[in-house]
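> For reference, each letter of the sequence shown is one residue, going 0 to 124 in numbering that gives the first Met the number 0.
Hints may be right or wrong, so weigh each one.
Straight-line C-alpha distance at most 25 Å; calculated DSS-like pairs for lysine-lysine [to be verified]:
#1 K37 x K24
#2 K63 x K75
#3 K27 x K37
#4 K46 x K75
#5 K63 x K24
#6 K63 x K27
#7 K31 x K55
#8 K46 x K31
#9 K75 x K37
Read the hints as simulated data drawn from the structure, not as lab findings.
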Amino acid sequence: MQNNYLTYYQLLGIETNASTEDILKAYKEKAKEYHPDKNDGHHTANKLFQYIQEAKEVLIDTQKRLEYDYMAGIIKRPEPTSKVIRVPYPVKQKVNKTDIAAAAIGAAAVGLLVGIFLGGSGKGK
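Based on the provided sequences and hints, a complete structural model is requested.
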């Protein structure tokens, strides 16, 4: 299926890898050719002049040009380098109050032992 639209590159008569200088040179040539003052207000020429201005504005801005190239299908968006792995959420388990108390007492005991091992008495000084 062929579309009936010109890309900004085709409109300016440049390649998709054109430099900023090439874009500006092509813009100046096309703008002179389709300038409203030169075409006695001809509607098609006026419209082309507007599109030529728009093409220049997009293509000389690096970020806008990249987005345009993606949107127009001139370049493809890069594929992700790593695959996303979906991990299911853990199943909620019932928590036993005794287990919580035991864990807290165990943590306190470890803290006391570490304090003694590092040279303290385990009591506040």
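> Next, verify each hint and record whether it holds.
Hints and how they fare:
| no. | hint | verdict |
| --- | --- | --- |
| 1 | K37 x K24 | holds (19 Å) |
| 2 | K63 x K75 | holds (15 Å) |
| 3 | K27 x K37 | holds (14 Å) |
| 4 | K46 x K75 | violated (29 Å) |
| 5 | K63 x K24 | holds (19 Å) |
| 6 | K63 x K27 | holds (20 Å) |
| 7 | K31 x K55 | holds (14 Å) |
| 8 | K46 x K31 | holds (14 Å) |
| 9 | K75 x K37 | violated (39 Å) |
Hint compliance for this structure: hints 4, 9 are broken, all remaining hints hold.
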